Amino acid sequence: MKVKSILAALGLVAALATPAAAQNFGPPELIEAAKKEGRLIYYTANFAEVEQEVIKAFNKRFPQIRVEMVRAPGGQLITRVKTEAAAGKLAADVVDHSDRALMKDLVDLFQDYAPPNAADYLPDVLISPKLWPRVTLVWSIAYNSALIKNPPKSWMDLTKPEYGNKQIGQVIAPSGGTTWTRVMFERQVLGEDYWKKQAATNPVLYPSGAPASDSLVRGEISISPLLYNIVYPKKRDGAPLEIFFAPEGAPVNPYASGVPKTAAHPNAAKLFLNWCLSEEGQTFLIKDQGNLTSLKKAPLYPEGFDPKVVKVWVPNFEQYVKLHGPWVEEWNKTYGYRQ
Amino acid sequence: MVTAETAAFAAPVAKAERTAQFRTVAGWLWSGALLVVLAFLVLYPVAMLLLGALTNTNPVVDGFGVFDLSLENFLTVLGNPNVHDALVNSLIACTGGTALAVAIGLAFSWIVVRTNTPCKDFIGAASLIPLFVPPLVAAIAWSILGSPKSGLINTLMKWAGLDWRIDVYSMPGLIVVFGMYYAPYVYMFTASALRNMDPNLEEAAEITGAGPLRTLFTVTFPLIAPAIISGMLLSFIVMLGIYGIPAVLGAPANIPVLTTYIFKLTNWSPPLYSTAAAVAIILMVVTGALVVLQQGVLSGRSFTTVAGKAFRPRSLDLGPWRWLTFALALLYLFVVVVLPTLALIVAAFRRFLFIPSAASLFDMRHYSLIHFDSIFDNPLTMRSIWNTMEVGLVTALAGGVLAFAIGYTIHRSHAPGRRGIDLISTLPVAIPGLVIGVAYLWAWIGLPGGLYGTIWILALAFIARFMPDTVKALSTSFLQIHKELEEAAWVCGRGLLGTIRTIVLPLARPGTIAAMTLLFILAIRELGSSLFLYTSDTTVMAVLLLDYYEGGNTGKAAAFSLVQTALLAVLIGFATWLSGGGTNTSVGRAG
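So the sequences go chain by chain: U and H. Take 1 as the starting number for the first sequence in our numbering and just add one per residue. Take 1001 as the starting number for the second sequence in our numbering and just add one per residue.
Everything labelled a hint here was simulated from the structure, so no lab data went into it. Among the hints, a few may not be true.
Pairs of lysine to aspartate or glutamate, DMTMM-like flavour, derived with a Cα cap of 25 angstroms [unchecked claim]:
| hint | chain 1 | residue 1 | chain 2 | residue 2 |
| --- | --- | --- | --- | --- |
| 1 | U | Lys149 | U | Asp124 |
| 2 | U | Lys297 | U | Glu280 |
| 3 | U | Lys35 | H | Asp1537 |
| 4 | U | Lys166 | H | Asp1167 |
| 5 | U | Lys308 | U | Glu242 |
| 6 | U | Lys149 | U | Asp237 |
| 7 | U | Lys60 | H | Asp1377 |
| 8 | U | Lys287 | H | Asp1373 |
| 9 | U | Lys297 | U | Asp124 |
| 10 | H | Lys1149 | U | Glu242 |
| 11 | U | Lys235 | H | Asp1373 |
| 12 | U | Lys333 | U | Glu192 |
| 13 | U | Lys89 | H | Asp1537 |
| 14 | U | Lys36 | H | Asp1537 |
| 15 | U | Lys308 | U | Glu280 |
| 16 | U | Lys60 | U | Glu280 |
| 17 | H | Lys1149 | U | Asp237 |
| 18 | U | Lys89 | H | Asp1547 |
| 19 | U | Lys197 | U | Glu162 |
| 20 | U | Lys56 | H | Asp1377 |
| 21 | U | Lys235 | H | Asp1547 |
Please read these numbers as outputs of a predicted model, since none were measured by experiment.
Isolated chain U, as found in the complex (with noise of 0.2 angstroms):
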């Protein structure tokens, strides 16, 4: 009886203690000076709103590290951190980007890292052994509830005429690596005129995916290819949407993040993609956030999504690299978007 109440107990401390003491941050010594450091600046093309509830949930488990984001769509990102590292000012502790392909050009910028469980991500997203998948996004599409009776139900009905005249959201082609992977998707998948029959019912186009996704709320359009990210917070947190996974595919996207080699606060960078990069992070992100995650073996499916029904879409990196100048270039004009 005693033995088997020990027993219980250590069963529950272990239970209790698993995620803290199976999850590895890192080592003591990289935690200590992360805690030291007490803040970094981080550089993301993710949606800031999001983004902040990850900064959230990074310091319930350190509280002593401050997060100072700075967000900008993809393109305009890349610039920033070009045009800083140039004047030799680069503030980015961590640069987190949607375009693997422009990453990997600026590669040199980025000091030696791999997270404690590099091992457990999949080598084919890796275009760097300094750069990680952060996060995983998926593209789905979202219709506003209260005013859309009569939903689309794939990717091909986004070209119906009855969903014409500005109903439908569209985010430009250059906005970023997410966007490139769509619009890759589409014309790989869907067909060379998709885009031309797409754009014929005059959407409306945006410069991101968060300016979309506010719109829908809002009303100002009806349905819009969105990330999942984007839409199912404001879904889960009462807004009239409603969000599926069309049937031809849904086009994933990876990040890839690293730390530059000017970070001021190395430590606490290393330690803040610890954690995204953990079990303990990729779960947040994927339940909280609708994300996927690049992890061999994923944790769990966020809600909504059935890895048995979905069909997942990667892009071939090769192609994802040397199809986006001329492709985007004739997205541009089927779209009428001037440059």
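Following the hints, position chain H against chain U.
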């Protein structure tokens, strides 16, 4: 032969000569120092901008000072159809906006100065409020009110069963918002002209049988034409340089103007800095031409006030119609001040800005402090407020001191090179804020370890940008101090610095403080030049507000707009109190 007497006389003469020589050398040194400062602040960045426009090298990639000069780059830009589109859109929006601003401004000045409309003084003072509203805040408020599908006005129209809808995401929308917010520029000019006009001519017209309307259009308005044209050109110039309004209202409808196009160029990957420089020069040339035109009109304005004798402007008795003019004035204030503020409040406190019906608008369950929590959770918010205060303070102090030195040198001294100093310090009038930003970017970005990335580059850009306004504001207080007082100090044996310290400084102090406060207010609401010069560590409020807006959360943007507006209101109240009621109205070209 030198007698004792002449020797005794020669000594002071020699001393006087030495003093005079010293004065000349000191004068040249002083003017030289001022010219160097001005060259550093104004000429060097503008020269770099010109060089930038003539090259196709990228200062970020190729480093500083590598210029492959040719006119080709500039000519390519001139031939680019996108540039033509942006230029044409700019001209249409500003022309339309100016026409509306003239109509509103003129009507207002007539109501306030020449009629017996009730509460005229209140209307006159309140009609200047739009001058202090940051353009970006106004634009965000109007996007909440007038977006085609979900705008609050449209929601209420639908609820009221009216078929009428408005769409501010359009060229007419841009024109109306421009016109409403820049009408005070026209008002300022025309109201003072109407006040100073001799009413005899109007009386003469009426005696010859002309009705009040005919008198208004054939006598009154033609007489104040120079003031109208002057206010018109100023409002046109200001609109041309504004970024916030076309960025918010033009972008969703794909209407690029010169300012938004320039910003876009620097945001592409790779950024097209040289193209941006070339477009910036086009903008500067158009603005410069208009400034020259305005100066020409202003120099000829003396013919408006005819008589030297005392007179009071006639006040037209409108009878019961005075309630109509009163209602019109209130309507304007409601549309320009009250409605946008209400929109910001609704958006800032509402969880989601989806308002399917009027009932939902008043359902208190939809309201919370969530957006305020969220913006103050972000460490950048406090940092931006802090940075803004810091930049504002540095700008106000350094800019105030510099403007004092320039103003005194131009108006009160015989220092050599005064004309040059005057000219260079007035030059930024013709340079929109956004262009100053690009010029400073070109001047400093390629220099590692330089000013780029510090608070100082923002402060220096603001000082340069607002120098003409500050010098002008200060000059007025110099001109009010009679030369006699300074001469008295001279006679009493005070030196130049002693005179400045004991006479000029104390007398000009209220004016100087007012000018510095004005500079502070202008600096904390400046967006155009900040856009190119901030880094993560030096983000200012105006830039962060744009970030919140473009980041796609209208609620947060509205909440932060309210924070910025409240801060500005407190500062303006303080400034008004400090300057004894008459806050300087040269908020002028800020955007």
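Given pair status - H/Asp1377, U/Lys56, alpha carbons within 25 angstroms: holds (9 angstroms)
Given the hint that U/Lys60 pairs with H/Asp1377, does the C-alpha gap stay at or below 25 angstroms? holds (14 angstroms)
Is the hinted pair U/Lys297 and U/Asp124 satisfied, with a Cα-Cα distance of at most 25 angstroms? holds (14 angstroms)
For the pair supplied as a hint, U/Lys308 and U/Glu242, is the alpha-carbon distance within the 25 angstroms limit? holds (21 angstroms)
Are the Cα positions of U/Lys149 and U/Asp237 separated by 25 angstroms at most? Status holds; Cα separation ~22 angstroms.
For a C-alpha distance cap of 25 angstroms, please report whether U/Lys287 and H/Asp1373 respect it. It holds: about 23 angstroms lies between the C-alpha atoms, which stays within 25 angstroms.
Between U/Lys197 and U/Glu162, is the straight-line Cα distance small enough, at 25 angstroms or below? Roughly 13 angstroms between the alpha carbons, so the hint for U/Lys197 and U/Glu162 holds.
Below or equal to 25 angstroms on CA atoms is what counts here, so check U/Lys297 against U/Glu280. With Cα atoms ~13 angstroms apart, U/Lys297 and U/Glu280 stay inside 25 angstroms; holds.
Does U/Glu192 lie within 25 angstroms of U/Lys333 when you go C-alpha to C-alpha? Cα-Cα ~14 angstroms, so holds.
Please verify whether U/Lys35 and H/Asp1537 have alpha carbons no more than 25 angstroms apart. holds (20 angstroms)
Would the pair U/Lys308 and U/Glu280 pass a check requiring their Cα atoms to be no farther apart than 25 angstroms? holds (24 angstroms)
Would you mind confirming whether the straight-line C-alpha gap from U/Lys235 to H/Asp1373 stays at or under 25 angstroms? holds (20 angstroms)
Checked against the numbered hints listed earlier, the structure breaks hint 1 alone; every other hint is satisfied.
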